[in-house]
Amino acid sequence: MHHMRAARLHIPSRTLTVEDVPRPVPGPQQVLVRVEAAGVCLSDVHLIDGSLTPNYLQQESVTLGHEVAGTVAELGPEVSGWTVGQRVVLQAGERRDSRLLTRGVDYDGGWAQYALASVKTLVTLPESIPFEQAAIIPDAVSTPWGAITTTASVRPAQAVGVWGIGGLGAHAVQLLRTVGAYPIIAVDPVPAARRRALEFGADLALDPADPLLSEQVLAATGGRALEVAFDFAGAAAVREQALSVLGPKGRLVLVGLTDRPLTVADGTRFSFLQHQILGHYGSEENAVPQLLALAEGGRLDFSRSITDVLPLTDAAEAVERLRTKAGDPIRLILRP
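Each residue of the sequence shown is one higher than the last, beginning at 1 in UniProt numbering.
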């Protein structure tokens, strides 16, 4: 039996270890992918610290990693249209029956030398896009893309706010500029994150503790306040602040995950202004192909997004760097 290295999380104890495990064998309509790059996401951090728990995992341990790019290494039975050596990106999850399963959460992911993938989750990777940049498109880019284009239906010249300029929030700023939102107002307590927001295309970057935040939002929007606000932080204080600067019929989109209760402090104001709160998770299947096409066509550039590339054996270090924000990372990449 062939073996491989994989970073496995034992859910009951929340213990992460890099160990030798049997290399998967592809079944019908599956391929085995040699992993060339795998992203480290804040969701991985939350799985390890226990604030997130898999919904559908059928065993006690799982190989983490839902942002994966590599090459086809082996074809399973009944697979056609794919060839060994072909460059691919893997969708971050898939729908099975009525369940939406996430790779690296509900089933084994890509923090390993090889990853098993259903053919319906494969997307062809153009030669012009490096593996490291391609790996982060599922989730780090596709999730904000879905939040912006599908859930919020942002239109050109709409005033938008982005709370939390981490891996997803920074890409949200970049993507909002691509779709023509204006002005784009970024909010984050960390000075480095605010600088990043401006570099990625925000028109204004504010500290949430600024007592004049509401006045600055009104000034930047010509008095109309925000039409859409995005919460990428998953924090109650963020949601309350975002609602306070939404204009009439404004929409608050919740992207950051949290297990804390959702409350509306002023229900009368919420109803009078006809506000909406929309939940968002992941993206549609067409998001990754769309983003790859935009990157290949020069409309999007993710080279600034890769903060560092580490070997798989340093998975725990990568998680700790992301947890503590050491070095202000946007995305860290593991290379098996």
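Any given hint might turn out to be false.
Unchecked claim - Simulated restraints on C-beta separations:
id	residue 1	residue 2	range
1	191	311	12 to 20 Å
2	199	124	24 to 32 Å
3	265	83	50 to 58 Å
4	195	85	54 to 62 Å
5	303	97	37 to 45 Å
None of these hints come from the bench; they were simulated from the model.
Glycine is no exception: its CB is placed at the ideal position from the N, C-alpha and C atoms.
Results for each hint:
1. Against the hinted window of 12 to 20 Å, the Cβ-Cβ separation of residue 191 and residue 311 comes to about 31 Å, which falls outside the hint.
2. A hinted range of 24 to 32 Å for the beta carbons of residue 199 and residue 124 is consistent with their spacing of about 30 Å.
3. Under the hint 50 to 58 Å, the C-beta atoms of residue 265 and residue 83, about 57 Å apart, fit the expected range.
4. Remark: the range hint 54 to 62 Å for residue 195 to residue 85 is contradicted by a beta-carbon distance near 41 Å.
5. Taking the beta carbon of each, residue 303 and residue 97 are about 39 Å apart, inside 37 to 45 Å as hinted.
In this structure, the hints that do not hold are numbers 1, 4, in rising order.
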